[in-house]
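Q: Start from chain A and add chain B according to the hints.
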Amino acid sequence: MNRTIKALLYPYVVWIAMMIVVPFFLIFFYSITQSRPDSPAIFRFTLQHYREFFKTENINILSKSVILAVETTILCLVLGYPAAWIISKTNVNIQNMILLLFILPMWINMLLRTYAWQVILSRTGLLYTDTAVVIGMVYNFIPFMVLPIYTAITKIDKSLIEAANDLGASSKEAFLKVVFPLSMPGVITGIVMVFLPAVSAFAIPRLLGGGQYVLIGNLIEKQFYLLNNWNFGSAVSVILMILILISMRFMRKSGEISGRGGAILW
Amino acid sequence: MVKGLKIQHKIYLGLMFLFLYAPIFVLVLYSFNTSEAMGRWTGFTLKWYRELFRSDVIKNAFYYTIICAIISTIVSTVFGTVAAIGIYYHKKRVQDYVLNVNYLPVINPDIVTAVSLMLLYISVGIQRGFTTMVLAHIMFSTPYVILSVLPRLQAMDPHLIDAAQDLGATQLQAVRKVIIPEIMPGIIAGMLIAFTMSIDDFVISYFNTSGGVTNLSIEIFNMAKRRIRPTVNALATLMVAVIVMFVFIINRIGSKKKMEYRLKEDEK
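Here the protein sequences line up with chains A and B, keeping their order.
First residue of the first sequence: 1, per this note's numbering; consecutive thereafter.
First residue of the second sequence: 1, per this note's numbering; consecutive thereafter.
Don't take every hint at face value.
[Said to hold, decoys possible] Covered stretches of chain A (in silico footprint by chain B; criterion: 3 or more residues with CB under 8 Å from a CB of chain B, positions within the stretch not fixed):
| # | region |
| --- | --- |
| 1 | 23-30 |
| 2 | 78-92 |
| 3 | 102-108 |
| 4 | 198-209 |
[Unchecked claim] Residues from chain A that face chain B, not an exhaustive set, calculated with beta carbons under 7 Å:
| # | residue |
| --- | --- |
| 5 | Leu112 |
| 6 | Trp117 |
| 7 | Gln212 |
Keep in mind the hints are simulated off the structure, nothing from the lab.
Every residue gets a Cβ at the ideal spot worked out from N, C-alpha and C, and that includes glycine.
With the rest of the complex left out, here is chain A:
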């Protein structure tokens, strides 16, 4: 009966087919083909780009990206959890103000914030080191950790904590056995939302790690901008996608994942 209303969807279906599905398959296509240098229309199927990726130097780039992303995620969690917990305990009247102060820096362009760290780190001599890159990523992504954890903590039924206290739990025990386990969904969302941009970052490592610094994001950028090796670049992109899918699957098992990015900030 709602034929007209249903039809409202069709333009969007055409659009996503064109702008999401086709480009998605193009990456796969480019990653398994190689065209002749003289005529791009003639191509053959090959796995050489994937083989190239598994050379030691590229595997080192991959593992370095993963290690730095894991370090960033752990730091965000360790620093962000107490912050989220403290914010949730503040007076309701000023809680929103504190949250706003937390989100505010995020509205400033990410590159400007990274540029600011360039200034600070160059004074301390840390610029162009792994530490600089991790600091820059923690700075940029920590709100993604704090906000979901804060949301999860505020959703916890207060009477559960009271019950724990009544039953003789110290506030420490109540936290460890009630609050922390119940805030796990927030923690997991936070981990995904920090790990994902951290492992694929390329502007932060470029600006804080220097021109020679290569993480997986920079490796992809180099193929498309510098070397014009789109096929290898596509293969690296596919591998990055698979890596992220695996880590999301892994995390999803332990909790519900809500949408990434701005959605949670509003």
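A: Below, chain B without anything else, positioned relative to chain A:
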């Protein structure tokens, strides 16, 4: 200020805010410094601001950023809202297909989305420039609009539209006069997300434009890559000022609303 908190908690929050705001403070401070070398204060000046306003590159980038954000926000808000309404009235199976594809740009790393669009433009043979950048922005913002409108639709009383039709409204009238007002908060939230994402985007724009068309993020990246320059600080200071003003206005409106509610309470 923060009542009921232990002193160590206050200190922790204080340190957190120091971490979050120190870099911004540094940016602002050195935009007024006479010396080009940052880190040494040599005196107050506004010359970097004058240089900024004279710079055609920055003006150009600013113009493209704003125009692109406005176009992509309008298009993605309308497009996303219409699509969300369409999705809502389809069977579960269709909904799942569309939403899964819709999720791709949300969960994919920006760089992969960027590269995939770049390959599309190259394969079709479209010269990358302003149009391709706007199309890319529409592509990555619309899913967020849908994700923010859809929950509103699901929370809506499904009988509303039937009632409207029983009262003689055509289907499109029912959409316009019943559904749209009902889901307005979701539409506005989606619009704000689309706008901020467009203004903030770097990676996707970076890969999908060329030929002198840039945006502020790309320009900042290019400048920061080469050399630290106080003009970037001046630009940052202005952007911070705009954001703070924006937040201040929103808060003012918020507290005015609060006052209105309080006054109403008093009248009772």
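Q: Each of the hints needs a verdict: does it hold here or not?
A: Comparing the hints with the structure gives:
1. 23-30: n = 5 at 8 Å, threshold three: holds.
2. 78-92: Contact hint for the region 78-92 of chain A vs chain B: holds, 8 residues under 8 Å.
3. 102-108: holds (count 5)
4. 198-209: holds (count 6)
5. Leu112: holds (5 Å)
6. Trp117: holds (6 Å)
7. Gln212: It is violated, given that the least Cβ distance between Gln212(A) and chain B is near 13 Å, above 7 Å.
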